[in-house]
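J.: If you want the building blocks of each chain, they are given just below.
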Amino acid sequence: MKLFRFKGGVHPEANKIATGCKSITPFPIPDRLYLSVQQHIGAPAKTEVEIGQHVLKGELLAASQGMISAPIHAPTSGVVVDITEHTAPHPSGLPVRMIVIEPDGKDTWTKLDKIEQPFSLTPEEIAARVGEAGIVGLGGATFPSAVKLNLGKDNKIYTLIINGGECEPYLTCDDQLMRHRAEGIVDGIRLMLHGLQAPRALIAIEDNKPTAIKAMQKACEDIESIDVVVIPNLYPMGSEKQMIHLLTGMDIPAGKRSTDIGVLVHNVGTAYAVHRAIRYGEPLVSRIVTIGGKAIREPQNIDVPLGTLVSDLIEFCGGYKEKAERVLMGGPMMGQALPTTDVPIVKGSSGIIALTAKEIEQQQMMPCIRCGSCVNVCPCGLLPLEMANRARKGDIEGAQEFGLMDCISCGSCSYVCPSHIPLVQYFNYSKGIVASQQKEKTHQNEIRLLAQQRTERIEREKIAKAEAAAKRKAAREAKKAQKARELTS
Amino acid sequence: MKNISPISGPHTHTSNSINMIMLKVMFALLPATIFGIYLFGWPALILFTITILSAILSEIFCLYLAGKPIKLFLFDGSAILTGWLLAMTLPPWSPWWIGVVGSVFAIVVGKHVFGGIGQNIFNPAMLARVVLLISFPLEMTTWINPYPLNSLITPDFFESLKIIFLSETPVDFVSGASILGNIRTELGLGHELVNIISANSDHSNLVTGFIKGSMGETSGLLILAGGLLLIAQRIISWHIPAAMIGTVAILAFAFNLVNPEQYSGPWIQVFSGGVILGAFFIATDLVTSPNSPLGKIIFGSGCGLLVYIIRTWGGFPEGVAFAVILMNAMTPMIDYYIRPIIYGYKTKNVPLVYDENRISASINTDKE
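Here the protein sequences come in this chain order: C and P. All letters in the first sequence, in the order written, are residues 81 to 569 by the working numbering. All letters in the second sequence, in the order written, are residues 195 to 562 by the working numbering.
The set of hints was computed from the structure by calculation and includes no laboratory data. Only true hints are included.
These stretches of chain C come out as covered by chain P in the derived footprint (C-beta under 8 Å, 3 or more residues):
| hint | region |
| --- | --- |
| 1 | 331–341 |
| 2 | 414–428 |
| 3 | 436–447 |
| 4 | 451–457 |
| 5 | 461–472 |
| 6 | 494–504 |
Keep in mind that this is a model prediction, so the values were computed, not measured. Ideal placement from N, C-alpha and C gives every residue a C-beta, glycine not left out.
Assemble the whole structure, with the sequences as input and the hints as a guide.
T.: So, in structure tokens, the structure goes:
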């Protein structure tokens, strides 16, 4: 197949060997599970259980609320011992509402709604079931998958891209999933194709995963509509925008969605979760997590129940063999530094990476020498140095003029910068300001609208009152006149 | 500069750094430098050392005044490189104070007055060279004949010290005009270009570099080798050198074709003077050149055009330094107007639009 290379990109050291050759380890049920009600993009789920209640594996803990949201299910059977605020797996270290479960150790499933003939379901039913299973984008974006599947209703989808790029260093969870659960993934893809009424799917896998490529090729050998595409190893290949460009030669037009050009991208993990959800009725209660980094004694991939504490996982991997300078959730390019390891695994946790100081290679920041390395590697065609110059002095508008909002925060620019300038830090900060400004603007607009409506209402009432008064007056006059007439007659 | 511990990724980094870049540039300069020292002997080495030492001392002085960490900034290597490049463009037997004045001017006025590394608008070495050329035209256009270290007549170390520090050049050592200067003067006297060039016996040595000229500018081949190394190392891109050399060559070719009596051909124009050194090592200065590929091509072509104009119709026989400085001044404007197209856009501010045919054509059924 013809590939369309995108500009830019970097080749960070892959570091995938430590975990790549080991198979997926099951995880013993931990002492406690912390289920965050906010594991996805969108509105937090609404708690549906009470403290002291016994729940079975797969039972609903918190329901989806609003257009963009996802429900949360119990990863094992046990008792809800607390519903409390606990530190979120986020650099801010802010607390978020969590449902705490003490497992009973039996791991009993709730009654599952298995389907024998899933292809007889309508596309709407498929999307609804995916939504009910709490499936979100497992590549890390955590966007509710059902919402994405429903996007196909407005636009014809020609290509479903299954993202098996896994371009982040250290992470091998998708690689492992493809090696060991290829059949399930392919079944999930077929179900998604059916749900989208799309003619074909492409499974894109970077050329540094030969075993996974072979496994996937074998699994979709006889399926006409699904093909494996071997793509070059280049970061940020796994980014939706770049992958679509590579495979179709089209960019997502600015301000549009991928569905506007007939393409939808889902992660391999998501495809597998769809398979489990539709075939077996299993909600999303566990995921494969790569525990890696040179600070970890025994790096490996683990099938982890959601809500497991990071500290439990690290302990399971033999703890640290060197001082962990930073513990990340996700890969080292776009992952987030954890404030503590006392935080739970969520649906979007692809990896827990404990880095040593040497791996981080943090160095003294120097002035920008305008070398243009950042321009060369930017996969979005931006001028990161110009944006950073403006963002640094608080000129957010200037940064926006240079395309701040088109930045995908992939980190390629910071990665190569010889002056060690934390460019992405500036960009994320500026984007935060833009977001809050927009929020403020919407807020003010709403207030203005409400005020306007109020004035209009008062005006209306005044008119209505005046009219009523006039009517009453007229009636009185008429009565008076009638009385006068009666008197005279 | 404060070190921020970022909460945003990436949490890993290449081992790339400013001093690595500077070291690689110096490494690429080595062949031409060694050749220059070989060709012009001990005096060239002494002047080279003086120029770099002055640059280092000026840097320390300025960093001290600015209250910046001296060790950190000195070891980024940029001051050494500035001195090095300046020395490469000086007449090899210039008196010591030419090197000192040049380096001090380059570092103090060219670099630190603007705010230090990364902040300067003009290439410091070229700024200094222009100032020297305007202020000391005699010293700056006295070109010594090559007296290679292994030849019979070459100054020994003590003679060399005298040459550089006391300007006592023994009569055995002949100096004269450069090729470009010579052509210019002779043309002015009404002589024919063909005769002038054939009178210049060193024409055949243009490429190898056994000619009169600045210390590091004579050997086109060695500079080219260093420049290609920089491109291979991805420190510079091909755009500026190709555009600059290409423009000079095309103009020289065209004018030579129209009137061979008056205009010398591309061979002489490209390989004499500082075009190759300028194209690979000076115009490509990271700080003072544009960032986008198209911007670089415009910048490089502008340099080439100005070099040719100044050489052919201007007041000086050589114009690389002037051309680079003038184009440096254009860099902010080029960078403002010439930007790469952002993902998802057709042109600036105009998003891409695909028609239904293109979208449905994304089904690529051919299997391979």
